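Using the sequences and the hints given, assemble the complete structure.
Order-wise, the sequence lines are chains A and B.
Mapping of the first sequence onto my numbering: residues 1 to 217, in sequence order.
Mapping of the second sequence onto my numbering: residues 1 to 217, in sequence order.
Honestly, the hints are just simulated from the structure, not real lab data.
A quick note: this is a predicted structure, and the numbers were derived from the prediction, not measured.
A few of these clues could be false.
[To be verified] Using C-beta positions, here's what the derived DEER-type ranges look like:
no., chain 1, residue 1, chain 2, residue 2, range
1, A, Ala10, B, Lys16, 49 to 57 Å
2, A, Ala74, B, Asn36, 49 to 57 Å
3, B, Leu188, A, Glu68, 29 to 37 Å
4, A, Pro105, B, Lys9, 19 to 27 Å
5, B, Asn94, A, Gln113, 28 to 36 Å
6, A, Ala13, B, Asp124, 53 to 61 Å
7, A, Tyr83, B, Lys175, 37 to 45 Å
8, B, Lys16, A, Leu44, 57 to 65 Å
9, A, Lys98, B, Asn36, 24 to 32 Å
10, B, Glu81, A, Glu68, 49 to 57 Å
11, B, Arg76, A, Ala74, 54 to 62 Å
12, B, Gly180, A, Ala13, 49 to 57 Å
From the three backbone atoms N, C-alpha and C, an ideal C-beta is built for every residue, glycine too.
Number of protein chains: 2
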Amino acid sequence: MHPQQELPKAPIAGVKHLVAVGSGKGGVGKTTVSVNLAISLARLGRKVGLLDADVYGPNVPLMMGTRETPMGHAERIRPIEKYGVKIMSMGLLNPGDKPLVWRGPMLHNVMQQFLRAVDWGELDYLIIDLPPGTGDVSLSLVQNALISGAVVVTTPSDVSLEDARKAVYMFHQVKVPIIGMVENMSFLNCPHCHERIDVFSHGGGRRKQARRPSASP
Amino acid sequence: MHPQQELPKAPIAGVKHLVAVGSGKGGVGKTTVSVNLAISLARLGRKVGLLDADVYGPNVPLMMGTRETPMGHAERIRPIEKYGVKIMSMGLLNPGDKPLVWRGPMLHNVMQQFLRAVDWGELDYLIIDLPPGTGDVSLSLVQNALISGAVVVTTPSDVSLEDARKAVYMFHQVKVPIIGMVENMSFLNCPHCHERIDVFSHGGGRRKQARRPSASP
Chain A
1 MHPQQELPKA PIAGVKHLVA VGSGKGGVGK TTVSVNLAIS LARLGRKVGL LDADVYGPNV
61 PLMMGTRETP MGHAERIRPI EKYGVKIMSM GLLNPGDKPL VWRGPMLHNV MQQFLRAVDW
121 GELDYLIIDL PPGTGDVSLS LVQNALISGA VVVTTPSDVS LEDARKAVYM FHQVKVPIIG
181 MVENMSFLNC PHCHERIDVF SHGGGRRKQA RRPSASP
Chain B
1 MHPQQELPKA PIAGVKHLVA VGSGKGGVGK TTVSVNLAIS LARLGRKVGL LDADVYGPNV
61 PLMMGTRETP MGHAERIRPI EKYGVKIMSM GLLNPGDKPL VWRGPMLHNV MQQFLRAVDW
121 GELDYLIIDL PPGTGDVSLS LVQNALISGA VVVTTPSDVS LEDARKAVYM FHQVKVPIIG
181 MVENMSFLNC PHCHERIDVF SHGGGRRKQA RRPSASP
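Pasting the structure below:
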């Protein structure tokens, strides 16, 4: 997208597959999908890492139930391990209520550190929980790392679908294949009468997928 | 926060009050609150503008039901008017599925244009629908514009509250008073049995507000 940044994408030593989990909009359950994907793959016997790339609102530590501080080891950072998944998140390095006030270029650097200076070891899958949207961090990551595929999470609401289309477009532009779309919050079963409630009107994710741009637009 | 950027905050000519609507996390209903706040104030007879500052996922046009393209007029851009509210959004200038691939410094410039090169005219309130989180655009806006007060939107979920605390901290740091916190999606009434469902467990927003840091931390 920015010609000066079309460097050859570099693989991460020891990591077989980089899978990005993205969304156009926040609050659609991207982190929930990332965490469940990581733990499920670990339970299937795969070696899995989970990189929380949402530096402004890192929710992976809370969802994984850890506040452990990662330790340095021979100029590399050791990820935290929980439920068989190796985790790295800005929420572990900068816990508490103080927001990170870093701007674009600093974010770019921290992501490169998270990818390359963390002691991930041998991994079958490194799941990257992208920040919402198509901003600086997402762009840097998808442009500079050799991502095997992307999962796009949406809800059936019109605003979420509007933004999910932008995320799909971004991945197509950088030639990252879309492995799948997850329609989250499709419905809710009432805990009282057990009837199904279509909170955001059901099926939008499927309609969107049918309309997604072809691989070579 | 960045000392080099502590310039004197400049008022916008003709605009009496700048009100920022922010959230730590996306998908909590920030745009819904902004749109309702703007239309409600307009119905009370106030002169109101609504600036959609979420350049990556601008949902104001969809929610306000307009796709009209703003026109230039004497080197200034004329906002679109709908429901008595003057609107400006990147979604009006860059419609469709193509994401904006601008980075930090360009975003900073577009926000200054949105504030100062748009023909807002005389306004009692200019509501700014901030992007989610405490990233580049939010920081630039709260540091450079004379904001009268901020509204922080959250849901009762732990992850939303975790991120809302960061937004509150950001506003305190730049001495923008918090006018109020809105707990959105507190509960849902089942359309079948009309029982109330606490989807994200109720009352977290109120508990959070009670714990918010004092005005001079």
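May I ask which of the numbered hints given earlier this structure violates, with the numbers listed in increasing order? none
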